[in-house]
Structure formats: C-alpha cells, structure tokens
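Colleague: Make the full structure from the sequences, and use the hints.
Heads up: the protein sequence lines correspond to chains H and F, in order.
Note that our numbering gives residue 72 to position 72 of the first sequence, counting from 1, and the numbers run on in steps of one.
Note that our numbering gives residue 275 to position 275 of the second sequence, counting from 1, and the numbers run on in steps of one.
What the hints contain is simulated information worked out from the structure, not anything from laboratory work.
Because the structure is a prediction, the values reported are computed rather than measured.
One or more hints might be untrue.
Unchecked claim - Per the computed footprint, the stretches of chain H lying under chain F, defined by three or more beta-carbons under 8 Å from a beta-carbon of chain F, are:
#1 123-135
#2 146-156
#3 325-339
#4 350-364
Said to hold, decoys possible - Some residues of chain F that are not near chain H, with every Cβ distance over 10 Å (derived):
#5 Arg16
#6 Ile32
#7 Asp36
#8 Arg47
#9 Glu88
#10 Pro149
#11 Leu196
#12 Phe227
#13 Gly232
#14 Gln265
#15 Asn289
#16 Asn316
Yeah, the Cβ is synthetic: ideal placement off N, Cα and C, and Gly gets one too.
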Amino acid sequence: MSNISKPAGSRSVGKTVGSFLANNSVPIMFILICAVCIPLSGFSLDYLLNEIITRLGRNAFLILSLLIPIMAGMGLNFGMTLGAMAGEIALIFVSDWQIWGIPGVILAMIVSVPFSVLLGLFCGKIMNMAKGREMITSYIISFFINGVYQLIVLYMMGSVIPIAHSSIKLPRGYGIRNTVGLLNMRQCIDNLLAIRVGGVKIPALTLLIIVLMCLLIIWFRRTKLGQDMRAVGQDMQVARDAGIKVERTRIISIIISTVLAGFGMILYLQNIGNLSTYSAHSQVGMFCIAALLVGGASVDRASIGNVFLGVILFHLMFIVAPQAGAKITGDSMIGEYFRVFVSYGVITIALIMYEMKKRRQKANIGEQLALAQKEEVQHEQ
Amino acid sequence: MKEKLKDFIASFGLPRLIISGFLLALFILSPIVGADLPMQISNVINRFSWNAVLVLAMVPMVHSGCGLNFGLPLGIVAGLLGGTLSLEFGFTGPMSFLMAVIIATPFAMLFGGGYGWLLNRIKGGEMMIATYVGFSSVSFMCMMWLLLPYHKADMVWGLSGKGLRTTISLEGYYDKALSNFLQINIGKISIPVGALLLFAVLAFAMWAFLHTKTGTAMTAVGSNPTFAKAAGIQVDKIRMLSVMMSTWLGAVGILVYEQGFGFIQLYNAPFYMALPAVSAILIGGATVNKASIMNVILGTFLFQGIVTMTPTVMNNMIHMDMSEVIRMIASNGMILYALTRKTEVRR
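Modeller: Set out below in structure tokens:
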C-alpha cells in the first residue's frame, strides 16, 4: 500500500504547488518584475524602504475602501472616485476656513461624510438599476460625477458657494485654482508619533489608523449587516428569499465604500501636501484597483492581506520601473509608460479571469442539471 | 392626447428629448447672441464628417450582442499604425490616405481577430473588459511609439532622431484629403462632400450587409443567442466577424478624423476616444443591443452639434465657457441612462 500512496502523495503536493502558483500568478509575476528591476534601478535599500512605507501610509486606507463592495458581490468599485471627490471638496472648504493641522484633517473628514453619503446613495441606486454590469456602470458614474464636480468647483465655488479667501480662487473671481496648497496640513498625521529606525521614517499614527480600519472591517464582516452582504454577494435570489433586503444592503455597501474612500483621499492628500483640484481623483480609482489586484485579489474575493501585499508590490514596481526602463532602453519615458501599461494590463487580466471563471461555474451548474435530469429519466424507466 | 405624449416621451427617451431641445435652443439662440450661424452650421457639418465613421464602428458589435464597443481604441491604434506607416513609407497627398487605409486593414483584422476571440470567451462581461482591452492596447502602444524604428524626419523628435512625436502635422500628406475632394461652398457654408461621401458609402455598405444572410444572422445572434444557435448559426464566428468589422471601422474612422483635423495624435490621445462615439450613438437612439444607421447619423449630428455650438453660444451669452463640463455631463449621463435600461437579453 505504502509504495502506491507515495507517488499519489507527491502528486498531490505537486498539485497543491501548481494550484498555489495558479492562484497567485499575479503577485508572483510582480515579485519577478521587481526582482529584475530593483538591481537595475540602483536604488539603495534605505530609500526603497522609506518610499514603500510612505506609500503604504498614503494608499492603504484608500484601497481598504474597495473591500466591502467586493464582499457584497458588486465587483471592483470604480465609483470610489466619488468618495475621493467628496474628500477633495471637504478639503477645499476646510482650507478656505483656514483650519489647519490635525483639527483641519478631522474636520475635513467630518465635512466629507454628507457628500460621500449622498454620492454613495446615488451610485448605489444607479448600480441597482444596472445589475450584472455594475463595474462598467460605476466606471461611467465616476466620469459623470467628475463633470458635476467640475461644474461645482470650477463655476459655482466663489459665485454661488461662498469662498472667502482669494488665494485659492482663480484670478477671475470664481472657481478654484488648479492647485490648493495644503502646506499647513502637510503630513501632520504622519509626523505625529513618527518613529525613525535608521534612515527610515515610520508614520506610526497613520499606520495605527490603517490597522484600526482593518480591525473594523474584520469586525464588520461578523455583524448581521456584514453577513447579509456576504449572502447578497453569494446569490442575490437566495438572499432575497431569506428575507434580506438586497437593494438596501447593496446601497449601504456602496455608501460605506464611498465614505471610506473620502477619508482615504484626505489621508492621501495630507501626505502629498497639495491638492491638484482637477486631476487628483482622476487616476486614483485605477491605481487603487490595480494595487489590490496585484496583491492577489480577484473581482469576487479580496482580503486585507491582498491590500498590503498589493500596495507593497505595486508601488515597488512603480518606484523602480522608470529607472530600470531608462537603464535598459536609455529612455526614461519607457518606464513611465511601462508602469501605466502594467496597471491597465493587471486589471484587464483580472477581469478576464473573473468572467471566465463565472462562465465555467455556469457551465458546471448546467452540466449538473443535465446529469440530474438524465438520472431522473433513468429512474422512471 | 396626454397619453400619446407620454408614449412618445417613453419611446424617444427623456434624455434624448432634453439633448435635442438643448441643441434646438442653441441654434435659435446663436443668431440672437451674435454668433455667426452659417459658420456654426459649417462647423457642425465638418465635425460630423470627421466623426461619423467612428460612430458607425459601434453598429456591428451592438448588432451581434457584444454591447457598446468601449474597446474602440484598439481599432484606433490599428488606424494610427496605418497612418504613421503610410507616412514612413513616403507616400504623400491623398495617396497617403488610401495607403493608410490599406496598411491599417491587416492590423485591424489581426487585432480584431484576437479581440473577438477574447470576447467570445467572456460573454456577458464584454463592455468592462472591452474598456480595459482598449486602455491596455493604448498604453502598450505608448511604449511602441517610442521604440519602433520610425525614421522620417517630420515625424520623430528632432533632437534624438527617434521616437514619434505626440502630434504629427499632416500638411502635405492626407490633411483634408477627403474634405477638399468635391468640396462645395455656399456662402460661408462649406460642405466636405468627399468625407460625407465616404461615410455614405460605408453606411450604405453596412446597411446592405445587415440585410444579407450573414447580416441577418448577426442580428439574430444579438437578439437571441440561444435561438440563433438552435437555428444552426455559428454564434462565435458571427461575433468574431462583428468585432473585426468594428475594429476595422474604428481604424478607418480615426484616419477620416485625422484628415479633417489635420494632425495625427499619438500616445495618450486615443485613451478616451471611445466615450464620445459611444454616447453619440446612444443619443441617436441606439440601446445596448439595438442600433441602426439612422441612429448613427442622428446621434453624430446631435452630439457634434452640441460640442461645436455650446462653446461659441455660451461665450457670447455669458462670457463663460462651460462647454467642456456640459459635454462631460451630457455624454456620460447618456451612457449611464442606456446602461440602466433593462434591454439586454439575459444570457
């Protein structure tokens, strides 16, 4: 017996290794890219560590906001841009009121909530009307609201909505300038309680906030609402039969995501230190989603681990690619284009894998149904 | 009477009604606020001739049930390759336009074939993946424009002598190659008959194709794939054909656009070129799974009318150019409206 079971055992090990590789192909590919690019780029370890930790603090919260809609089966929330815009509007108001430092950041977060809730409600309602194509819909919503955002910020602020300080207004008297300086707010949360280890600065408070957020998400998954969301994500019809208000649950998940994205954007901008009024939010959704997918998440399954692995790998690639590209081809633009290409490519591949899996599952269910019917016929005979 | 009005609004669609009303208001307002109306009409007709083929590219994929072709940039990339290669090979004048179309064709077939193969594997999720296939191809080509061995002096960066420029002037090549062909001038209104004629030919060919056996099969695949399969139609093959047609029309469409505009725009320019075409055909009355040539003509006219008229009229009226914002809200609002209609066949 033993000599038979042995090869079977090694085969199963081979199988698990194979499935591990298949399930984590994207992170592994990124580890390989980084492994090639890091020596080529010639950056020191200290520099890289510093950059990674800065970017972890800057982006992790934003990416965490994507988890809850995925749990509710609504796919990658391209509408997180809406939350980012709410955060930006709040920051514009707060910097007009000249409230700086940590109180300013906290006030901005509070001010962003009503905007985020309203936008999230809108987004959720529309997505309920377009079930089955939530992602493309949320993607177009982000463009649509971007138009509304520009209408408000470029034309109504200063003319309809009172803006007191001319320093953030365009010279013509209304509309907000292309960049709003947040110098007095810059890294105020990052620097409080910051720890220096060697040459590496660790923004302890920011990381603490992120950890708290993670715990909150873990707790949320266990609440009644969290369980409902999972049920809705598994199968809407079954959830509805079980008495869960499907539409309401979906809207709530989008609202939570939007509010968190707003907070995330404020944390992000306090680290950057200035607000590009009309472009800061335009790429944020794409980069966050790409980072999450690089961490090994898929359209219907994402964990907190994916968030952190994703931030580290994606941004490592982001830092080293231009330099490495310049070394290889002699043109620094190649690396810039390469990292944009990789971001889009990762999202494309993840979407394709998800759709193919969905189709396979559907085919399996169909086959099982056919098999069951066949058996039934045989029974009758 | 009230019922009839309601029915009309329901069938025509409220957003479409608002957009048509808005354009009508612009036309009426423009002489009042002192804008040059004949000039405006001339602009609208010209822009119609630039964009109509790109909008026409939506039709085959909508017919075969692949949804709106958000992956249009893939076809555009094929067109750009055709255009730049035609210049690189030294063709000039209207000949370079013809050669650009000929060179772009194999690329469009190749890209469209691969793209169609992919879309056959992910039925039901076409639109989102199409969007990202478009983005990936554009960002991939960003690298290629730098790396491919182009050498023609007026296309590459002057200093390094390699890597294509972001915009390439078409003067002396196929700038206005079609527009100047048989151009008619009535007072201030100039009509680019050549470009309109090409669109008419392509649109007629499309209409004729949709009435052939293959074309009818395509419509059948789009409206009911299960039925089509039962009727012995090779669904995947028909879908692939529709994607290839869409991609090729995208390639020709961008070349027609360039000949009117006078420049080739490379690198990031094609990223969002699908959205205006998508919203134009929707404004024209198409839905996610139904589109006709009439929708293309009406939609392009309405969309380009608004894009052209708003800046001038707005500027003359309130000295404030809100056209960009209005365009964004109107066009994306239109796409959203179409996506939320429950018209798609359940698969």
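Colleague: The structure should be examined with respect to each hint, and the outcome stated for every one.
Modeller: Going through the hints against the structure:
1. Coverage of a stretch by a chain is defined here by at least three residues with a beta carbon nearer than 8 Å to that chain's beta carbons; for the stretch 123-135 of chain H and chain F the count is 6, and the condition holds.
2. Here the stretch 146-156 of chain H counts 7 residues with a CB under 8 Å from a CB of chain F, which clears the bar of 3, and the coverage holds.
3. Counting residues of the stretch 325-339 of chain H whose C-beta lies closer than 8 Å to any C-beta of chain F gives 6; at least three are required, and the coverage claim holds.
4. For the stretch 350-364 of chain H, the stated coverage by chain F is satisfied: 7 residues place a CB nearer than 8 Å to a CB of that chain, which reaches the threshold of 3.
5. Every CB of chain H lies more than 10 Å from the CB of arginine 16 of chain F, the least distance being 17 Å, so the non-interface label holds.
6. With a least CB separation of 23 Å from chain H, isoleucine 32 of chain F remains clear of the 10 Å interface cut-off, as annotated.
7. For aspartate 36 of chain F, the condition that its CB be more than 10 Å from all CB atoms of chain H holds, with the nearest at approximately 25 Å.
8. Listed as outside the interface, arginine 47 of chain F is consistent with that label: its C-beta sits roughly 20 Å from the nearest C-beta of chain H, beyond the 10 Å cut-off.
9. Glutamate 88 of chain F, annotated as away from the interface, keeps every beta carbon of chain H farther than 10 Å; the closest lies near 20 Å.
10. Taking the minimum C-beta to C-beta distance to chain H, about 13 Å, the non-interface status of proline 149 of chain F holds against the 10 Å cut.
11. With a minimum CB-CB distance of about 30 Å to chain H, leucine 196 of chain F clears the 10 Å threshold, and the non-interface call stands.
12. Even its closest Cβ contact with chain H, about 17 Å, leaves phenylalanine 227 of chain F beyond 10 Å, as expected for a residue assigned away from the interface.
13. Its beta-carbon lying about 21 Å from the closest one in chain H, glycine 232 of chain F satisfies the requirement of being farther than 10 Å from that chain.
14. Under the 10 Å C-beta cut-off, the non-interface status given to glutamine 265 of chain F relative to chain H holds; the minimum distance is some 16 Å.
15. Every CB of chain H lies more than 10 Å from the CB of asparagine 289 of chain F, the least distance being 12 Å, so the non-interface label holds.
16. Its beta-carbon lying about 17 Å from the closest one in chain H, asparagine 316 of chain F satisfies the requirement of being farther than 10 Å from that chain.
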